[in-house]
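Peer 1: Listed below, chain by chain, are the residues.
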Amino acid sequence: MTVRANVPLIFERSTPGRRGYRLPELDVPETPLEELIPQEYLRSEPPQLPEVSEPEVVRHYTQLSRLNHGVDVGFYPLGSCTMKYNPRVHEDLVSLPGLSAIHPYQPEETVQGALELIYNLGEHLAAIAGLAKTSLQPAAGAHGELSGLMVIKAYHNHRGEGHRNEMIVPDSAHGTNPASCAMVGYKVVEVPSDERGGVDVEALRKLVGPNTAGLMLTNPNTLGLFDENICEIAEIVHAAGGLLYYDGANANAILGIVRPGDTGFDVVHFNLHKTFSTPHGGGGPGAGPIVVSKELAPFLPGPVVEKEGDRFRLVMPEHSIGRVRSFYGNFLVYAKAYAYILSHGPEGLREVSETAVLNANYMMNKLKDVFELPYDRICMHEFVLSGSGLKKHGVRTLDLAKRLSDYGYHAPTVYFPLIVDEAIMIEPTETEAKSTLDQFIEVMRQIAKEAEEQPEMLTSAPHNTPVKRVDEARAARHPVLRWRKA
Amino acid sequence: MSEKLLYTKEHEWVLVKGSVVRVGISDYAQNELGDIVFVDLPSVGDVVEEGEGFAVLESVKAVSDVYAPVSGRIVAVNEALEDSPELINESPLDKGWIAEIELDDAAQVGDLMNEQEYAEYLKGV
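First to last, the protein sequences are chains D and C. Position one of the first sequence corresponds to residue -9 (the numbering used here), numbered consecutively onward. Position one of the second sequence corresponds to residue 219 (the numbering used here), numbered consecutively onward.
The hints are simulated quantities; they were obtained by calculation from the structure and are not laboratory data. Mixed in with the good hints, there may be bad ones.
Stated by the list, open to error - Chain C side only, calculated, beta carbon under 8 angstroms to chain D, not exhaustive:
{"#": "1", "residue": "V255"}
{"#": "2", "residue": "R291"}
{"#": "3", "residue": "A294"}
{"#": "4", "residue": "P303"}
Just so we're clear, the structure is a prediction, and the values are computed from it rather than from any experiment. A virtual CB, placed ideally from N, CA and C, is assigned to each residue, including glycine.
Modelling step: build the complete structure from the supplied sequences, incorporating the hints.
Peer 2: Structure representation (C-alpha cells):
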C-alpha cells in the first residue's frame, strides 16, 4: 500500500461539466428560480463547487483517511485523552431505526424508549459518581466544566452569596479549568502542588476564604496521581463555603473503585468519549454530562428526563441555568455509552479501571530507567515522564514525539502538565494487549538510544510518514484556514 | 544616565533607565518556550502590580504569563511583536522587548539579580 502525501485537493480534481449524479426527468412544470426566490437571495454567479465523479470523491476521501492515525490503525497513548478502542457493536446498535430515525420534535409519548435510555444512563452515571442527578446536555468535557461552574454560581447566587467569585485551581490542572472559570466570570486562584504531586494542603488552607466559590480538581490529576488528601481538601473547601468540582477527564482510573461524591465532590463531569468509549478525536461529537448533589440538582441545565410511574417526561429543573445545548444533546453518543455501561456491568467497569491502572504502572516501570520520572510512586491510569535528560544530546521531547510517528505510533501528550519539564504523558488504556505495550516500550527505549547515538534521527524526524516535519510556528503565525481559487 | 540589566527568577529581564524600566524575557526563557506564535501585549496606561501577569506569550508548546518585575504604569509596548512575535526568539534582549514600565518606586528594582547572579541561578534551574 502506498500512501501519498501530495493528495490533490478535491477542487484540483475538478473537471468542468463532470457530474457524480443523474437526476430523474422533472415530472412537474419547470419554474424559473427568479420566480421562486427573491432577487436579494440569489447568487450573481454560480458557486465554485468541485465537479467530480462519484468514484473520484470516494477515492479522494479514502486516500485522505489513510493519511490519518487513529486508534483503529495503531496504538494511541495520548495522555489525558483516554484513546481506548471503541467496540463496533455500538455502531450496530445506533443504526437501529428506533434510535437513528427519531426526531427531537416528536411528541414525548412516541419516544418513550429514547427518553428511558437518557434517564437510565443518567442514573448509571449518578451511581458511578456517587451523586444524585445527571444532566446529559453538555456536549464535551470543557462544556461540562462551564455548565458545572454555572450551576455552582447559580447555587451561590440563590443563597445570596453571589459575592463568591474565586475558583481555586491546581497548577497541574488542564488548561480548560482556568478557561472555564474565566468564561463564568470567576477569578482563578492557583494552588501549588506538593512534592508528591498532589494539592499542597497547607497552601490551600491559606487560599480559601469568604470569596471562595469552589475548587476544581482532577483526581487522579494530570500527573496520573491520586490525591490522597482529597477528603481533607474537601473539608477545607466546604468549611469555607465553597463547592468541589470534579473534572472527569481521568475518570477511567476510578470506575467502581472510588465514587467522587463519597470523597466530597459536589459536581462531576464525565467525558463519555473518553471513559465510556464513544468515538473521540477529529471533532467528536462528544458528550460531557454533569452529575450533581441533591442540593444542586434544581440548578441543572435542562431539559432532563424524569420518571413518573412507568412514563418518562422531559422537565426543566426548578432553578435551571437553562439550555446549554440544542435539543437533548448528542443522543447517539448516549446510546453508545449506555451500551458500554450495560455490556460491562459493575464488575466489568471496575475491571476496566484496574486494567488501565495496571497497564500504566507496567509501562512506567519499564521506562523509568531510561527517562526521568519526576514523581516516582504508583500511578493510576497514566504517568508523566520527563524528556529533560535528552537535552544533553540536543534532543527535546518534541523530537521524540515526532520520531514515534516513524514507528507507527501516535505520540503521547507532550509538554503537559506544565509543572514537568519536557513532559511526556503516557496513557495506554485498558484495551491494549501486553504485547502492544511491550512493543511500544521497546520502541521508546530504542529512541532513547538513538538520541544518544544519532540525535539527528530525532531532530529531523519523522522520516517515514507521508508528511515530514511541519513548521508548526509558521502554521500558527500565518494560518491558512481555507482554500482559495488562485 | 547609566543603564543596568537585571533579571527575575521568572526569567524576565529588566533594563533600568532612570524611572522607566524596559522588560523582556531572557534568552533561556525564549529557548524553553520554543517558537513564540502570539503575544498578548498590555495597553499603554495599564497599571501593573509586581508579580502579576501583564502580558501573555503563546508558543507552539504552551501559553505563559509574563510577570511584572516591578509595580508601575505601562508607558510603551513593543507593537512590532503583534506582527512579528518571532522577534522574541530571534532577539530576546533587544528587538524582542515587551513593554516599558514607569516605576512607582525606584527602590523596587533592588531585589533583582544582575547578569552574573542570573547565570549562577540558571545553573540551579
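Peer 1: Take the hints in turn and mark each one as holding or not.
Peer 2: Each hint, compared with the structure:
With a least beta-carbon distance of about 4 angstroms to chain D, the hint placing C/V255 at the interface is held under the 8 angstroms criterion. Below 8 angstroms, beta-carbon pairs count as interface contacts, and C/R291 has none with chain D, the closest being about 22 angstroms; its hint is therefore violated. Against a cut-off of 8 angstroms between C-beta atoms, the interface hint on C/A294 is violated, since the closest Cβ of chain D lies about 23 angstroms away. Because the smallest distance between the Cβ of C/P303 and any Cβ of chain D comes to about 7 angstroms, under 8 angstroms, the interface hint for this residue holds.
Hints 2, 3, counting from the list given before, are not met by this structure.
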